[in-house]
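Student: Residue strings, one per chain:
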Amino acid sequence: MLDAMALNGVKLAVTSDEKADRVGDLVDRSSKGSGEAFGQLYQLYVDRIYNYIYYKTGHSVDAEDLTEQVFIKAWEAIGRFRPEGKPFAAWLFKVARNVVIDHYRTRKSNTDLSEVMAAAAADGDPEDAAQKQATRQLLMSAVRRLTDEQQQVILLKFIDGMDNAEISATMGKKEGAIRALQYRALLALQRILQDEQYGLSRPSRRA
Amino acid sequence: MSLGGYVAKPEDIMARVLSGELSREDAVRRHPEMEDRLLLITELADQLTGLPREAPSAEFRNAARLRLMRHVQATRRRTQWQALLDRLANLPAWSTRLAAGLAVGGSLTLSLGIASGGALPDSRLYGVKLAVNRLQLAFAVGDNARAGAYLHVADQRANELAQSASTVDATALATLVARYGTALGDLGATVQHMQAPPPALVARVRTQLASQATELEAQAIVASSHPAVQQALTQAEIVASNAADDVVIVAESHHTAGPADIRLAANPAAVATAVAEMQASSPAAPTGSAGGDSLATLTSLYDRAWNEISAAPFMGHDVRLELEQAITSAKQSTQAGQVAEAQASLRSASVILGAAVSHSQATQYTAARLQAAFSNIATALNDYRPA
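Top to bottom, those sequences are chains A and B. Mapped onto my numbering, the consecutive letters of the first sequence carry residue numbers 1 to 207. Mapped onto my numbering, the consecutive letters of the second sequence carry residue numbers 1 to 387.
Same shape as in the complex, but just chain B (with noise of 0.2 angstroms):
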């Protein structure tokens, strides 16, 4: 049909049509002559839309699943790391002569190894801290001892790393990045290498994984001023989480407790970093106003809160699934004006979220997180009255 001078294509009509954006009727009224076409096709289209979706089974998904994170961790890109850890392959010889030294004196070694436990490494005790770290290694008889040093030093390279990361030049920070991956690369290879790993071993590598990643990642947003700090803490926290995954894979592969099980830390620096910093970077609450401003605040608050969940480490599957469905009805809620249901929600997920960490489904630091962000919300809405 021409309409000054414009002529209507077919395939524009149809999509049209298909998309909702024109009824079949207003279609065939505007263009007659393409009646039959019309009708016959998006009849066709609707057989084929209610075709049915066919989906795996639970079991292909989750053995897949299994099988994939099998590759991954075979596979997975070393390269940068490979890099750093050939530059440290060896420590300075004077730090293990000295520790060598002390761990003849006996009692000594002991107290200097805790003296020197908490350095940092612009201390002059860091080098005998690296080098009392060498003799637990090889004083580590059998798998089990030695994974449970390489856990040790991986916990202490983690906690300098966090400690020290937005203080030391590129190089240091590349250093102690290298040792943290040295570390971990370590203790999967050891923990890979078990015939069959100790249940007991197994849950405390994940455990601490855990709460270092957490630790990491939580330094990296804090860092976010600072985009070099903050990359090299959030490779490394990558780097975590992936030494945690090998794991997973480990315990699946010896049918012990899948990831849904992962018990995680008590970890209250991280849990306090987690609520300054989402104290300081949420929008101001809306204070009585009524009508768009506050809606809009409210609306970044809830999308910040769904974005936080959905990004949230070490979280369960179902738990995730939950919030966001909580999150997502608050939200709506208040758009339609129904603060009081708005309201349950948020509590809703409050009581989820409080589950999942007494179930060891949730990190105390992202549990803290969302409960300052529904906590904002709530003091948000209580404030709102709808236009």
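Bound conformation, chain A alone (with noise of 0.2 angstroms):
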């Protein structure tokens, strides 16, 4: 089966046993010390951790100083990580969950979805990106309010583009209960919209 990786926002073919070789033997050298190789790591995963931090925060300043942060720790503990048959992914997102949970502990964000709603206005067409920019603003309010699990759910299959067996992994959770979980953080994000009569069509019934 073929699977894509990113490097660099360049796409790869690669099978998905070539990248799970690849990236072992990048975990496994980095762990011994190499930096080397965690360089490497960082340059297969941070375009990812950006993104979902992005997502998770909604301001690309404290995106940028959380990856870093969650680079950092992970070559701090990666001596202890131990695959047991789970994805290094799932590992370093959970870096990543805990960095973002640890900065929201210390520093309450006043974050405000301005600076999403003007990425968007800035490309393409201007009607084009005003509706971008409505829809983005919507639904990130809308995941916000979201529980904890709910919005990590949301995040890693729909903005990180997991499977459900990667985020049972980076959740700690049995698959069925990942599925369930997803069911329900959609309901409820659907709700949410339209308790707040934001306004998503409602698709109409066929005939």
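I should point out that these hints are in silico values taken from the structure, not numbers from a laboratory. Some hints here could point you the wrong way.
Unchecked claim - Stretch by stretch, here's where chain B covers chain A in the computed footprint (C-beta under 8 angstroms, at least three residues): (1) 65-79; (2) 83-89; (3) 154-160.
Said to hold, decoys possible - Partial pick of chain A residues on the chain B-facing surface, computed with a CB cut under 7 angstroms: (4) Val-27; (5) Asp-28; (6) Lys-32; (7) Ser-34; (8) Gly-35; (9) Tyr-42; (10) Asp-47; (11) Tyr-50; (12) Asn-51; (13) Tyr-54; (14) Ala-180; (15) Gln-190; (16) Arg-191.
What the hints assert, rightly or not - Derived CB-CB ranges, DEER-like: (17) His-193(B) - Ile-101(A): 39 to 49 angstroms; (18) Arg-70(B) - Gln-194(A): 42 to 52 angstroms; (19) Gln-163(B) - Asp-163(A): 42 to 52 angstroms; (20) Gln-335(B) - Ala-20(A): 12 to 22 angstroms; (21) Ser-358(B) - Asp-102(A): 43 to 53 angstroms.
Heads up, the beta-carbon is just placed ideally off N, CA and C, and yes, glycines get one too.
Fit the two chains together into the complex; they arrive one by one in their own frames, and the hints show the way.
Tutor: Below is the structure:
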């Protein structure tokens, strides 16, 4: 089965096994103290971690700061990482989640969505950009009102693009529980959007 | 909906729709009672999936990587090395006295230095060699000369390790590894201590460390049937790679050339080892057979080449990506029965590799291994007849 691996924005077609072997080798060498190998892991995962944290915080400066912290903490802890059949990404996203939680514990974020909106407005056709901006604003403010677990499953599934097995490993729950959590999170999100009358169109019933 | 007593859970139906296993239309047809929820939620899922991916700026990515590498450098675990180094802090007194005596003898020092230069640890001249090293370090005045002397010592220790690893006992092997670690540690400390290391020195250090790491890695691969030896050589290779990282960081902090500009030394011995190893361990090429077996062999050869590329040390990032893409493309063409296209992709990979070596973006060792791998694939492709 072919999978897509992003390296600095370049999409490569590689098999899942090849990707896992390569990451496994880099993790192994990093845990033995190779800075060069850890540098490669950084290149492989920095975009995904940044994207995840950006959507978690809604602020690019916070996302940069926290992304850097994630990799520093990962380096300090990688000697204790034991794969036990779980992908490295699952462990790294756990580190990222903890870093974001610590961030909110120590500093109440007063981030608003202005940056998200501005970013959306900056690209492409103005009318299209305005639509995208509105959609993103609505969705992200609604996502932030979900419980932490619901947010986590939505971000990993739809923003990072993980499959349920990877989410299961990341969140330490069985796949059945992930499916249920995902379903409840989507229902809750839909309910929030409707309650707030955000105006997402309700699909018409077919005749 | 109940099917033979089984009641499908909404979350399972939704998961099947989201994974593409079940179309929305089929899901609604099978579970009409869920139509509203299914359509609302899948539309919402589409909107979430359609949100743009955010990526950090290139400036942030590079600056953060540099800061991370500095942190790595500062916190790298050296405990196991330190324990070994402590035991080797002092050379035997007799060897130092002998070398000092030889120094008084003037030109005799030089000739004995040369005579002992190639001595291995099991040689009677080895103690003299170490003592000469100590004198060379003692007479090196200034950081630049001292760094050069440490680099020379590190080269000697790496060669001893590469040549003797498979013939000495475990204690002697640990000692060799520790001596190499000491030399690299001293070299790194000297370079980092310099306020502004000369670019020529930085380039020389990087080049030689890259060459040492490559040679040690080559020996580690050959020693696959001796796990302890392989482990020791791999440890040494990692320490050399880390030392090379350190020097790159020093270079970057002084705004000299970055890692992409590392000039890699020619290393004929490593090249010979690489080719021999690659040829010895490759699966036999299919001979004129059609269908599954030969395709399986080709697939294995492609996978092996891809792994070689992805794991190759000291290769420029863009070169690695281009090579991986070329091999993936050749593999896909082969699997689709398009042999001519696969051969074109292979030729393209070979050209990329040649250019990488001439622009110092890949080591000769790596290039030799990969060219051997490409050659094996090309031979197999010539005989391959798609089913």
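Student: Each of the hints needs a verdict: does it hold here or not?
Tutor: Here is how each hint holds up against the structure:
no.: 1; hint: 65-79; result: holds (count 7)
no.: 2; hint: 83-89; result: violated (count 0)
no.: 3; hint: 154-160; result: holds (count 4)
no.: 4; hint: Val-27; result: 13 angstroms, violated
no.: 5; hint: Asp-28; result: 10 angstroms, violated
no.: 6; hint: Lys-32; result: 6 angstroms, holds
no.: 7; hint: Ser-34; result: 5 angstroms, holds
no.: 8; hint: Gly-35; result: 4 angstroms, holds
no.: 9; hint: Tyr-42; result: 6 angstroms, holds
no.: 10; hint: Asp-47; result: 5 angstroms, holds
no.: 11; hint: Tyr-50; result: 4 angstroms, holds
no.: 12; hint: Asn-51; result: 5 angstroms, holds
no.: 13; hint: Tyr-54; result: 4 angstroms, holds
no.: 14; hint: Ala-180; result: 4 angstroms, holds
no.: 15; hint: Gln-190; result: 5 angstroms, holds
no.: 16; hint: Arg-191; result: 10 angstroms, violated
no.: 17; hint: His-193(B) - Ile-101(A): 39 to 49 angstroms; result: 41 angstroms, holds
no.: 18; hint: Arg-70(B) - Gln-194(A): 42 to 52 angstroms; result: 50 angstroms, holds
no.: 19; hint: Gln-163(B) - Asp-163(A): 42 to 52 angstroms; result: 49 angstroms, holds
no.: 20; hint: Gln-335(B) - Ala-20(A): 12 to 22 angstroms; result: 20 angstroms, holds
no.: 21; hint: Ser-358(B) - Asp-102(A): 43 to 53 angstroms; result: 49 angstroms, holds
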